[in-house]
Every structure is written in structure tokens, then in C-alpha cells.
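These protein sequences, in sequence, are chains Z and G.
So for the first sequence, our numbering puts the first residue at 1; every next one is plus one.
So for the second sequence, our numbering puts the first residue at 1; every next one is plus one.
Honestly, I wouldn't trust all of these hints.
Taking CB as the label site, the calculated pair distances span [as the list claims (entries may be wrong)]:
id, chain 1, residue 1, chain 2, residue 2, range
1, Z, G33, G, A20, 22 to 28 Å
2, Z, P104, G, G55, 27 to 33 Å
3, G, W354, Z, G92, 22 to 28 Å
4, Z, N16, G, K116, 49 to 55 Å
5, Z, D95, G, I18, 47 to 53 Å
6, Z, N59, G, D302, 27 to 33 Å
If you're looking for bench data, these hints aren't it; they were derived computationally from the structure.
Backbone N, C-alpha and C fix where the C-beta goes; we use that ideal spot for every residue, glycine too.
Residue-level listing of the chains:
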Amino acid sequence: MRSAGVRAHETGRMNNWKQIRLELASTPEFPAGSVSRAYLLRLPISDDDHVDVAAYRQNPRRAVVRRHWSSEPDQRGQLLEAGEEWIIHCDGKPDSRLELDGKPLRLGQQIPIKIGEGIELPLRIASIR
Amino acid sequence: MYLRSLGKSATEAHLRSILATVPDALIIIDENGVILSFSPAAEKMFGYAEDEVAGENVSMLMPSPDRERHDGYLSSYRESGVRKIIGIGRVTTARRRDGSTFPIELSVGEAWVDSKRVFTGFIHDISGQQQADQRFHELQSELAHVGRLNELGTLASSLAHELNQPLTAITSYCQGAADLLDGEPDAGKLAMAREALRETAGEALRAGQIVRRMRDFLSHGDSERTVESLSRIVTEANALGLVGSREHGIDVQISLDPKGDRIFVDRIQIQQVLVNLIRNAIDAMMDCPLRSLTIASDADADTVTISVEDTGRGISDELAGQLFQPFVTSKKTGMGIGLSICRTIIEAHGGQIWFEAGPEGGTIFRFTLPTAEVRNV
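Input sequences plus hints: build the corresponding full structure.
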């Protein structure tokens, strides 16, 4: 099955790049979520609110990810398409995997992230601009 | 006196009404850095509601390297009692919810409430274009830049004037010597030609002395070298460089190697270099869709290399070979002496400066400085 997040309209437009802020959603440790734990993704979004893969493939280096996590040092990396998954790659850090599968990129949408063996955290789209 | 006459709830309401109208953000934290209060101006400035950030660590409002070091600053103060910012204030950089960074002036106070220590931070946003020019000059003045730049402007004018004299003389002597050597010169003409060439050499030496005077001015004039923190120098220079850049949406990333944090430098001069490189980088990205500025450092045993990387349009081959020469510029305004001064300052500190093309078409400027540990050996 191909990821619905990737199934998007493949317009290849260059002017639909957005910055998506994902904040930590409710977890046992942070029942109300945490605004100080966030990922910022730069991705092209199609009219039906999915990743515009054609636009991404035209300029994959523009797909930058930043991780701002409480009092930890900032991390910056690339968002890489890998089959049906999207990998967050930061130099010197283990890769994380974003579960964009079938999920429209809209405010409030929850998107899980796998940050290691068996560790999965819920993220929530807090803003798109 | 007036507040004392009010009841506790009336006092609190009164203070809240005052805080609601203060344009500067006010944030109160406990001694561990946990946010206790976040004023309406802070909500507007940073994009968070008070109930979202209450209980979070205030470091969330800072970009690296302050983000990961702030807890250490607090514990160091708790243990030593040495004030590095309280009652002094500083220019630094903050980060909004949308990830963008902006320059601020931060003033910190300390108070005891019910036997518990709290810190109050007043934050003044200095990113606005409206006040940018004035504020930039004020800040530069505080760092003694303006005096330096004005003197440099004067020096550059007199340098051009003074160099013109030996260069004119050299031209005349060379032309004269060439005329004297035409055909088959007799002994008298040969002696005169020899004399003209000696004079040429003398004038060339004089030109060299004029250039050296400028170098001496920059490297020894009022240079005050002390052991400094590179992260502080970079943070302040970044804030200064970003003044007035609010509309341009620059994405700044600072990543410093803690091993190379202690350096023995003239702080003002190194900040001058960094501000110059940062503003050049911002100028180079103005017409580009991706505006990303990365300041990083990498230290080995005795040297730290600092890089300033942009995603701008790059440097043309035409300019590349002479970029560090004075009076070379691609800008419509400016004298083209910025990078020349940068090189003079870095070389006077025993370092080197160079540039290379970035992986995506931008430019990376790098310079080296000796770490303070080298000096202590």
C-alpha cells in the first residue's frame, strides 16, 4: 500500500512549501502535551492537504527539519522520503521516522513519531504557515 | 506607598492592569527556570498563551546555545552568587513559537517572594525595522563600534589620499626612467635612471608604511584582549546582525563546539567581524526563497574554526579572487572595506579567514582563532 500522505496530488508546484509545527501531544508524562517539545518541518503541501511529493522531489534539500526539545540543544536535519516513510535525519543522531501514512496535514491532526526501538511519541500539528 | 494602601487582591489586580499595558514582555521564573508568569506582551511577542507555558522551562524561549546552557547559568548563580546578567542586562536572541529568532534586550531582576527566590525578565524586542537604524547605532555605540567605524571612515579617506601621492610619484619616476633608458643612454642618463628607480623603491616603501599604519591601528590601537566566551560573543553578534531583519524571515541556527568556548580575543573586534559576516549573509539571501543562516564552530587542540554559512546566491567568480581586497564590493552601497577589515582583525589575532561555496549554492565564510588554553600553556 502506498502511503496516503504520499498519495497526494503531485503538482510539483514550488510555491506551496509550508512550515508545519508539530508539538508533543498528550503522553503519560505530559498529560496536557508540551509546547516546549516540537518539530518544525518544511514541506510542500498539495491542495488536498497531503505532501506534494513531486514538488518535494524537485528540491528535496528544502525539506528541512528542526527539533526544539525542552532544554536540549537544537537539532537540524533533513526530511527524507524512504518508500512509504519519512525519515528525519540529523547528523550524528539516530534517525527518527514520521508516520505520515494516510493523515492529512491539518491543524490538530495527530502524527506519531518513532524515535528509537519501540519508542513512539504522539505529535500534534499546532500551526501551518 | 499607594500599593501598600491597597488590599492584596486589589494590589494584584492593579499590578496586572499595569503589566497588561507595558509593551515589553515580562516573564517571571523560579530559581530553577520554571515559568511562573507570562505577561500579555510576552504572549504576543512569543506566540504562546500563559497557561501553555506555565510550568515549562524558560529555556524553551531561547535558541541554542543558551537553550541547553541556561540551567547551568542558574545553578552557577545559585552556588556562586556572582551576577553575570542580573541588574546588568544584555543583548541576546530569543525564539518565537513559529521557530523564528529575533534580537532582544534582556533585563533581569531578582526578588524573594514568600522566602522563595524568583527572577523577573523584561524583554524588549529590537527587531523592528522602524527603530532598527537608531537602535543599531545605539547598540554599536555601546560596543564602541561607532567610534571605530568613524575613525575607519576617516582613515580610509586619508589612506586613499596618502597612497595616491607615492603612487603618482612612482608612476612619474618609472616613466622618467623608461624615457632615460630609451635608445643608447650615456653614463649621465644611466645614473639619473638609477636614481629614479631608487626613488621608486623609496616611494613603494612609503606606501607600505601607510598600509602598515592602518594595520597597526586595527591590531594594536586600542585592542584589549581578554579571555572571552565564544558563545557569548556569537550570541550578541547574532542579535546585532539580526536587528532590522524581522521582515526577512531569516532562519538562524547556532551550533557551537563547547571545547572551543574560551578564546583570548578583543571581544569588540571579533564581534565586528561576526556582525559583518552575518549582515553580508543576510544581504546575500534577500532575493532567495530559502533564507537560512548557520553559525557553527569546531575546535581542535589549539584552534577553533568559526563558520558563517548562508543559502544566498553565492559569490561570482569575478569577485571571488579579490574579495578580501579593500574597496571591492558587489553592493550598491558600502565602501567594500568590511571583509578587508575582517581579514586584518583575524590575522592580527593569529588566525586566518577564507570562504568556500556552500553545498546548495550559498557561501561559507570560515575563520580561525587560537583557543585561550594555548595562551595558558
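Satisfaction of the hinted span 22 to 28 Å by the C-beta atoms belonging to W354 (chain G) and G92 (chain Z): holds (25 Å)
Beta-carbon spacing of P104 (chain Z) to G55 (chain G) - inside the hinted bounds 27 to 33 Å or not: Holds, at about 31 Å.
Is it true that the C-beta distance of D95 (chain Z) to I18 (chain G) lies inside 47 to 53 Å, as the hint says? Holds, since D95 (chain Z) and I18 (chain G) (Cβ atoms, about 50 Å apart) stay within the stated range.
Taking the Cβ atom of N59 (chain Z) and the Cβ atom of D302 (chain G), is their distance within the range 27 to 33 Å? violated (40 Å)
Cβ separation of N16 (chain Z) and K116 (chain G), checked against the hinted range 49 to 55 Å: At 50 Å between Cβs, range holds.
Holds or violated: 22 to 28 Å for the Cβ distance of G33 (chain Z) and A20 (chain G)? 27 Å Cβ-Cβ, so the 22 to 28 Å window holds.
Violated hint for the displayed structure: number 6, the only one.
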